[in-house]
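Could you build all of it, start to finish, from the sequences and the hints given here?
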Amino acid sequence: MGDFQIKKQPKQYDVVIVGSGAGGGMAAYALSKEGLSVCLLEAGYMYDPQKNITQLKNPWESPRRGASTKLRPFGDFDASYYGWDIEGEPYTKASGTDWLWWRARMLGGRTNHWGRISLRFGPKDFKRKSIDGLGDDWPIGYEDIKPYYDKIDELIGIFGTNEGLENDPDGVFLPPPKPRLHELFIKRAAEQAQVKVIPSRLSILTKKIKSTTDDRGACFFCGQCNRNCSMAKADFSSTNVLIYPALKTAKVDVVANAMAREVLTNKEGLATGVSYINKEDMSEYQVSGKVVIVAAGACESSRLLLNSKSQRHPNGLANSSGVVGKYLHDSTGAALGGYLPTLFGRKRYNEDGVGGLHVYSPWWLDNKKLDFPRGYHIEYWGGMGQPAYGFMGGIESFNGKYLVNGVKKEAGGYGKSLKEDYRYFYGASVGMAGRGEAIPREDNYCEIDPNVVDKFGIPVLKFNVKWSDYEVKQAKHMKETFKEIMHNMGAVITWGANDDEKNQYGLAKPGEIIHEAGTVRMGSSAKNSALNSWNQAHDCKNLFVVDGGAFTSQADKNITWTILALSMRASDYIVSELKKNNL
Amino acid sequence: MKRRESLKLIVTGAVAVPAVVAGCGPDEKKAEVAAANPTFTIDRNPAEIENEKRILAMPKFFTDHEMATIAILSDIIIPKDEVSGSATDAKVPEFIEFIVKDMPNHQTPLRGGLRWLDMQSLNRYNNAFKDCSKEQQIELIDQIAYPAKAKPEVAQGVSFFNKMRDMVATGFYTSQIGVKDIGYMGNVPTQWNGVPDDVLKQYGLAYTEKELKECISFEKPTA
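So the protein lines, in turn, are chains A and B. Residue numbering for the first sequence is 1 to 583, as defined by the numbering used here. Residue numbering for the second sequence is 1001 to 1223, as defined by the numbering used here.
Keep in mind the hints are simulated off the structure, nothing from the lab. A quick note: this is a predicted structure, and the numbers were derived from the prediction, not measured. For each residue, glycine too, the CB sits at the ideal point set by N, CA and C. Misleading hints may appear alongside valid ones.
Stated by the list, open to error - Partner residues aside, some chain A positions facing chain B, computed with beta carbon under 7 Å: (1) E61; (2) L184; (3) F391; (4) G393; (5) E396; (6) G413; (7) Y414; (8) K419.
Claimed, not checked - To spell it out: a stretch of chain B is covered by chain A in this simulated footprint if at least three of its residues, at any positions, have a beta carbon under 8 Å from a beta carbon of chain A; those stretches are: (9) 1045 to 1052; (10) 1073 to 1087; (11) 1091 to 1099; (12) 1138 to 1152; (13) 1160 to 1173; (14) 1182 to 1195; (15) 1205 to 1211.
As the list claims (entries may be wrong) - Cut-off 20 Å, straight-line C-alpha distance, at most; resulting in silico cross-link-like pairs (SDA-like, lysine to any residue): (16) B:K1213 to A:N162; (17) A:K208 to B:P1189; (18) B:K1180 to A:Q386; (19) A:K33 to A:L578; (20) A:K7 to A:E280; (21) B:K1151 to A:A411; (22) A:K51 to B:I1042; (23) B:K1149 to A:A411; (24) A:K408 to B:P1147.
This is the structure in structure tokens:
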């Protein structure tokens, strides 16, 4: 520590961005295209999908056959570095509460592996308090964000269909892929249960488009979007679609392995830059900018702001209201699955399709007739997937229950007969999951743990989150719906059906669905919100937060498309305010 | 399987496992990494490279005796048939040796289960499992391979065999031989044009007018 000092980067940037996922990537792209100089800080490794490739690899190319590790929790071929548990970067929880915190540590963050489910929020989603009296209305409405959804659809690309649904708005869609076999069965069974099924809306290019870069191709249907589309750049990731194209402007410097410590402010209380530790040389750095954009992920962003205390901002930056860290909420989630016996012994063909579902069910009910507020959408899966670690595990629990090619067998077994069983049962799995809207509550929060620091000496987050009855009742409704759909198609449920109030009907733990939002929320009043309607801090005009933290509520829709739209909108605003010398 | 054959398999398999060199010089280290690298031909980040170097440098977990037993069990579970080769053809024992280092929670159930099997064999046939006749081996496996009709006193053996069945199935069906056997035809660039017509017909299904109109279609149907 003899030469322990803080190294100040001499360059003065127009904008310093913390985090390179959907929000940070979009800001870097939009601002650099406008000629602004950008320093993009990323806490994780450098990553280039054109060089770091898992797409089109075979299961045997991983000696663990695609199994997960702490370093790659969704499996060896998945494109996310880290996730649930990062060595030296702990977090804590208040007793009796739960939180699972996903942190991708790589350029592009979790957009490299996400599900590409790209759902616009609808008009009602911005005005929920006016409808059911719970939570708060956003300071903006659908009409404010619609032009940006349209631009994102065109710039990044999405498939889907215009259905004219009131709260699941139409968009600028490419044609969707046709349903797979199990999806045809699901559709019929769901419709019998009065559940609407429509083509899914995924940010995958079924046709080549003019995008942020001219070398994006069309999807070639390998079903591996979670590995990131190295070969065709046909799905959305912040890296392929935003950051690498932005780097071509020569206006963007990326600093990987840069863990932000604090947003720096001057005596007027304005942001001047960011201090960070470089994980490679373990040295301390400062980088300065006229504008600071925080997009580290809802929880990490609130941590950074709470750790950025100064005389002018004694509660942490952008936190005179005290709301930073509060209103933390994730999507609700519940799932079940099993087998569709009609598919036993099915004909083989390539049905990889796009990565994920070809059809889904948007929320279809009226809450007036239900015992919980808000809704959920349903995602479906099944069929003939690439074998991986755990392949058809526990076959002894079902191979004695069904005739195999007309013959009744004893459960378990071995040998040629067992090989016949694997062939017979393969490709018949089917399952579904709900993703719903939780109510953001002030008493669900993260805060700085007064006693714990990470290995860089940065105080860590302590979580205090519990589900309420609303979310539990939603999960119960999900499971009842799923059972009805499974029953209607003659499917056998092998997991997820034995639920009761004790396990909250299989409701996923808070954080587990990885849609966390609300911690730096927007609002019309500086008294009970951190940001105004432009993602700009009420307390610090040259500070913006453009990740899920800014959400007043998160709808029953995955939040990425809205993060992108709001980040693009905030970027437009930054450009225009800079021109007016307002920042 | 003959003792000599199974030994031969172990020897061939051992080639794939890099030898452990304690306190080796920089050149030897380089050679070791070179031997280890071909086993992961997918993107690895720096932390993974460290982790996998560590795993690949571990000493062998299973003894030769245990590996011989694993090889026999693997081929009892997945033998060669008219469609595809056997578990040892697909190098399943080598997979199991790797996975117990990667996931140490498998070590005790497998090691203990193998010993359980040997003790049963010794009591019944006065030989370790691997040295029993094929008929004796099958007679014993029949006691533990069918959970619903197995006797309570061999319940531990049933658990072990269930675990082995899963292990071998994973190792086999994620190998080149196994993927071909199960008939997975994906992981290649294609154009998804919907469920093939003959399959739709088989299940009495058809795409709706709306689906045919709004979904993407390609000239050349999916193979």
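> Which hints from the list above does the structure break, by number from lowest to highest?
Replying inline: Failing hints: none at all.
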